[in-house]
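K.L.:
These are the residues of each chain, in order.
Number of protein chains: 2
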Amino acid sequence: MQKQPLILVTNDDGLNAQGISVLIKCMQELGQVVVVAPNGARSGSACSITPIVPVTLKLEREEENLSIYSCSGTPVDCVKLAYEKVVHRKPDLVVSGINHGDNASVSLHYSGTMGAVLEGCMKGIPSIGYSLRTRKQECDFRPYLQVVKDVASHVLKNGLPQDVCLNVNFPEVPALKGVSVCRMARGIWQSEWKDTDVPDVYQLTGNFTNLEPEAEDTDYWALDHGMASITPLSLDMTDYSSLEILKSLQR
Amino acid sequence: MQKQPLILVTNDDGLNAQGISVLIKCMQELGQVVVVAPNGARSGSACSITPIVPVTLKLEREEENLSIYSCSGTPVDCVKLAYEKVVHRKPDLVVSGINHGDNASVSLHYSGTMGAVLEGCMKGIPSIGYSLRTRKQECDFRPYLQVVKDVASHVLKNGLPQDVCLNVNFPEVPALKGVSVCRMARGIWQSEWKDTDVPDVYQLTGNFTNLEPEAEDTDYWALDHGMASITPLSLDMTDYSSLEILKSLQR
Numbered sequence: 001m002q003k004q005p006l007i008l009v010t011n012d013d014g015l016n017a018q019g020i021s022v023l024i025k026c027m028q029e030l031g032q033v034v035v036v037a038p039n040g041a042r043s044g045s046a047c048s049i050t051p052i053v054p055v056t057l058k059l060e061r062e063e064e065n066l067s068i069y070s071c072s073g074t075p076v077d078c079v080k081l082a083y084e085k086v087v088h089r090k091p092d093l094v095v096s097g098i099n100h101g102d103n104a105s106v107s108l109h110y111s112g113t114m115g116a117v118l119e120g121c122m123k124g125i126p127s128i129g130y131s132l133r134t135r136k137q138e139c140d141f142r143p144y145l146q147v148v149k150d151v152a153s154h155v156l157k158n159g160l161p162q163d164v165c166l167n168v169n170f171p172e173v174p175a176l177k178g179v180s181v182c183r184m185a186r187g188i189w190q191s192e193w194k195d196t197d198v199p200d201v202y203q204l205t206g207n208f209t210n211l212e213p214e215a216e217d218t219d220y221w222a223l224d225h226g227m228a229s230i231t232p233l234s235l236d237m238t239d240y241s242s243l244e245i246l247k248s249l250q251r
Numbered sequence: 001m002q003k004q005p006l007i008l009v010t011n012d013d014g015l016n017a018q019g020i021s022v023l024i025k026c027m028q029e030l031g032q033v034v035v036v037a038p039n040g041a042r043s044g045s046a047c048s049i050t051p052i053v054p055v056t057l058k059l060e061r062e063e064e065n066l067s068i069y070s071c072s073g074t075p076v077d078c079v080k081l082a083y084e085k086v087v088h089r090k091p092d093l094v095v096s097g098i099n100h101g102d103n104a105s106v107s108l109h110y111s112g113t114m115g116a117v118l119e120g121c122m123k124g125i126p127s128i129g130y131s132l133r134t135r136k137q138e139c140d141f142r143p144y145l146q147v148v149k150d151v152a153s154h155v156l157k158n159g160l161p162q163d164v165c166l167n168v169n170f171p172e173v174p175a176l177k178g179v180s181v182c183r184m185a186r187g188i189w190q191s192e193w194k195d196t197d198v199p200d201v202y203q204l205t206g207n208f209t210n211l212e213p214e215a216e217d218t219d220y221w222a223l224d225h226g227m228a229s230i231t232p233l234s235l236d237m238t239d240y241s242s243l244e245i246l247k248s249l250q251r
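Keeping their order, the protein sequence lines are chains B and R.
For what it's worth, this note's numbering labels the leading residue of the first sequence as 1, then goes sequentially.
For what it's worth, this note's numbering labels the leading residue of the second sequence as 1, then goes sequentially.
You can take every hint at face value.
Any copy, or any two copies together, can satisfy a pair, since identical chains are not distinguished.
20 Å max Cα-Cα, derived EDC-like pairs, lysine to aspartate or glutamate:
hint: 1; residue 1: K90; residue 2: D163
hint: 2; residue 1: K157; residue 2: E244
hint: 3; residue 1: K247; residue 2: D217
hint: 4; residue 1: K58; residue 2: D195
hint: 5; residue 1: K177; residue 2: D224
hint: 6; residue 1: K85; residue 2: E62
hint: 7; residue 1: K58; residue 2: D200
hint: 8; residue 1: K85; residue 2: E192
hint: 9; residue 1: K58; residue 2: E192
hint: 10; residue 1: K85; residue 2: D195
hint: 11; residue 1: K136; residue 2: D224
hint: 12; residue 1: K58; residue 2: E84
hint: 13; residue 1: K58; residue 2: D197
hint: 14; residue 1: K3; residue 2: E63
hint: 15; residue 1: K3; residue 2: E64
hint: 16; residue 1: K194; residue 2: E84
hint: 17; residue 1: K85; residue 2: D197
I should point out that these hints are in silico values taken from the structure, not numbers from a laboratory.
All values reported here derive from a predicted model rather than from experimental measurement.
Please build the complete structure, drawing on both the sequences and the hints.
P.N.:
Spelled out as structure tokens, the structure:
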């Protein structure tokens, strides 16, 4: 008998977020599920790791085909711990999310959801991040479940190219108008600091501007038009077209 | 009279690290310097931000053509704060480092040094990260100063392509054997957790393996052969070659 796929689930909103419980349920339809997720919110943690203080792993629940652990570290720590200290074979898939807040355009660089996905990819595991454009803690995830499962099934069946992972984003709509395979939009965060009552103490905030709102081949365009976006990301960040331009620096 | 270039300096080892003091001195030869750096070590902080607690900015020192601020946040927070709350015009250059420890290959994904560089790039400022392959807190940086200044001067004069920044790494050698403009090597971190005295509490550690040690066009090869590496990085992480492969997911 063929083994069930082994699926590692994590997120950056923490184990108690609604998004991860929805994702766990989706993944249980596709295989054996191991969850290792932060024990609290880790939004904006990107690919950060915990190099100085030790990290705690705690078994929260275990039942047939599902085990759930919490971790005191970052989403990347969760994947690293799961890989070496929890699973007994290499997972077939890493999924992260469903994040409360989109991770389209440059926002992915700050995203702990996508940090975990990049980490899965660095370990040679096909990895997918899911995020929903919402500001709510409680959302209706039903419009997205079919796409969540379709993308995961596709990846379980076909794999992904080496060193490539997926960034999947959903708009908050009652019904998706489509699914777009597309590139990252260019974008910029501005007005990022709010004064507090204390001088020289600031609270991070910010407004995002899509720098190419007319570009139909981008993730932001898809979300703005009621579609899910699927963007393949490369671990290799080398800008190959600049290598020649910089050759004069070679010695 | 032409204005002096305005150079923003930061790092992830904190304001008291030797690497940043060396970098500040180098940059003072090239322009007016503003330093906004973390008030302590932030290694492994990647592109993480501080979304929940407020962040403090503190003027530490001010003299002609040099002002130094400390910040309670991450390297990315430092660049964001400098940009909106410190400088009165857009900096001509962001430099980060000199990191104690290299950020070649996939290590760049975890790097706070490079997080700051990506942030500078996201703000449309030419940005460079410098890192030294060393485990020491006190190092002899003299063999690298000329390249540090040459690369910064080149970028001040010629700029960088849109959405491209530089990752510069140095090997620990008495004299550099050359400077290589090259791509990121493929690599993997393994054996990442050390047991502690407490069960289920682990300390992050790890061994890096270069997955393509023979590839002469990579950063790791350059470092292994006594050369500095200069790798252009792209903010746009889209893997364009996978867009076609994934088209069957489009709806």
